[in-house]
Amino acid sequence: MAFSRILLYIDSTEASANAALYAILLARDLKARLDGVYVINTKAITELGHVGIFVQEEKDLIASDMETDALRYIDNVEKLARSKGVELHATILKGNVSALVVEQARKLGSELLVLGGLRDIRSRREELSEDSNRIARTATCPVLLVSDDDDVWQDFEER
Amino acid sequence: MTIDKSMIILPLESDTKAKALEALCRRVASVHGLDEKKILDAVNEREKLGSTAIGHWVAIPHCRLDGLGGVYTALGVSQRPIEYDDQSVRILFLVVSDKALPSEQVRTLSQIASFCNSDVCRRLLLDAKSPEQASSLIED
Numbered sequence: 001m002a003f004s005r006i007l008l009y010i011d012s013t014e015a016s017a018n019a020a021l022y023a024i025l026l027a028r029d030l031k032a033r034l035d036g037v038y039v040i041n042t043k044a045i046t047e048l049g050h051v052g053i054f055v056q057e058e059k060d061l062i063a064s065d066m067e068t069d070a071l072r073y074i075d076n077v078e079k080l081a082r083s084k085g086v087e088l089h090a091t092i093l094k095g096n097v098s099a100l101v102v103e104q105a106r107k108l109g110s111e112l113l114v115l116g117g118l119r120d121i122r123s124r125r126e127e128l129s130e131d132s133n134r135i136a137r138t139a140t141c142p143v144l145l146v147s148d149d150d151d152v153w154q155d156f157e158e159r
Numbered sequence: 001m002t003i004d005k006s007m008i009i010l011p012l013e014s015d016t017k018a019k020a021l022e023a024l025c026r027r028v029a030s031v032h033g034l035d036e037k038k039i040l041d042a043v044n045e046r047e048k049l050g051s052t053a054i055g056h057w058v059a060i061p062h063c064r065l066d067g068l069g070g071v072y073t074a075l076g077v078s079q080r081p082i083e084y085d086d087q088s089v090r091i092l093f094l095v096v097s098d099k100a101l102p103s104e105q106v107r108t109l110s111q112i113a114s115f116c117n118s119d120v121c122r123r124l125l126l127d128a129k130s131p132e133q134a135s136s137l138i139e140d
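Protein sequence lines correspond, in order, to chains A and B. Counting from 1, position 113 in the first sequence corresponds to residue 113 in the working numbering; the numbering is continuous, with no gaps. Counting from 1, position 89 in the second sequence corresponds to residue 89 in the working numbering; the numbering is continuous, with no gaps.
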């Protein structure tokens, strides 16, 4: 099956970096458009404010640092994509991570959503709350999980 | 969320907020080879902005520092209430984060907040008899 429109979910994890490499090669090989989405989890920041863990000053500072982080990660993926002749069309959103990623895939008409392999789930509570897990369970398009075990970096450099 | 038993002080014997914060900062510093004074100063600076006691016997003191290389959590559970600003607390989660890892910090604090939001989890933690028991309870 060919995919002409691929959406890559980008976050600050190593798993996401692996997924980016895989998605770039896939987009190049399939001559597909590569979209990217990074979501700043302002929902979590707001909730931490509501329960009294963050004061306003902290909320502002951490949201700003997360935005800087988002730009840095997107810039890295853009450079990697360019090195393979692929253009990344990236968007930064703010809010509930899983809901926004799923919505973005729907809005863009993405035919494939690429995610990093699911993090090591160390508790049942984590299993329910982990963003990638929730995205994989709720996405309405096919989802490709790039396992951490895959030798993606080597493949990326060789191809 | 996991917290290794080496990062859990149970029972926490400190009888004041200052001593409890010192004990938790000392534990993070000694286990991870960090500067205890820097951590304690940063935690106290954060406390000046507003109390991190959030009700139901829980406080979640935290701070951010440069160059830590990770997000570190310590837990103290006291058998007796500790006066913590205008509240009494028995469960203290200390979260010390590298400034360069804002998303990790938010994720860790959210997981702790979610855990502490449960009456059952808080009760089980208060009833835990050892760091091992508390650690496995948090993992479940």
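FYI, nobody ran anything at the bench for these hints, they're computed from the structure. Predicted model, so just to flag it, every value in this text is computed and none were measured. Don't be surprised by glycine CBs; every beta carbon is placed ideally from N, CA and C. Any given hint might turn out to be false.
[Stated by the list, open to error] Using C-beta positions, here's what the derived DEER-type ranges look like: (1) L126/B / S4/A: 24 to 32 angstroms; (2) G95/A / E132/B: 26 to 34 angstroms; (3) G33/B / R72/A: 21 to 29 angstroms; (4) T68/A / E132/B: 37 to 45 angstroms; (5) L61/A / K19/B: 26 to 34 angstroms; (6) D41/B / D29/A: 14 to 22 angstroms; (7) D119/B / A2/A: 20 to 28 angstroms; (8) P142/A / K37/B: 50 to 58 angstroms.
Results for each hint:
no.	hint	verdict
1	L126/B / S4/A: 24 to 32 angstroms	56 angstroms, violated
2	G95/A / E132/B: 26 to 34 angstroms	39 angstroms, violated
3	G33/B / R72/A: 21 to 29 angstroms	27 angstroms, holds
4	T68/A / E132/B: 37 to 45 angstroms	40 angstroms, holds
5	L61/A / K19/B: 26 to 34 angstroms	29 angstroms, holds
6	D41/B / D29/A: 14 to 22 angstroms	53 angstroms, violated
7	D119/B / A2/A: 20 to 28 angstroms	52 angstroms, violated
8	P142/A / K37/B: 50 to 58 angstroms	53 angstroms, holds
The structure fails to meet hints 1, 2, 6 and 7 from the earlier list, while all remaining hints are met.
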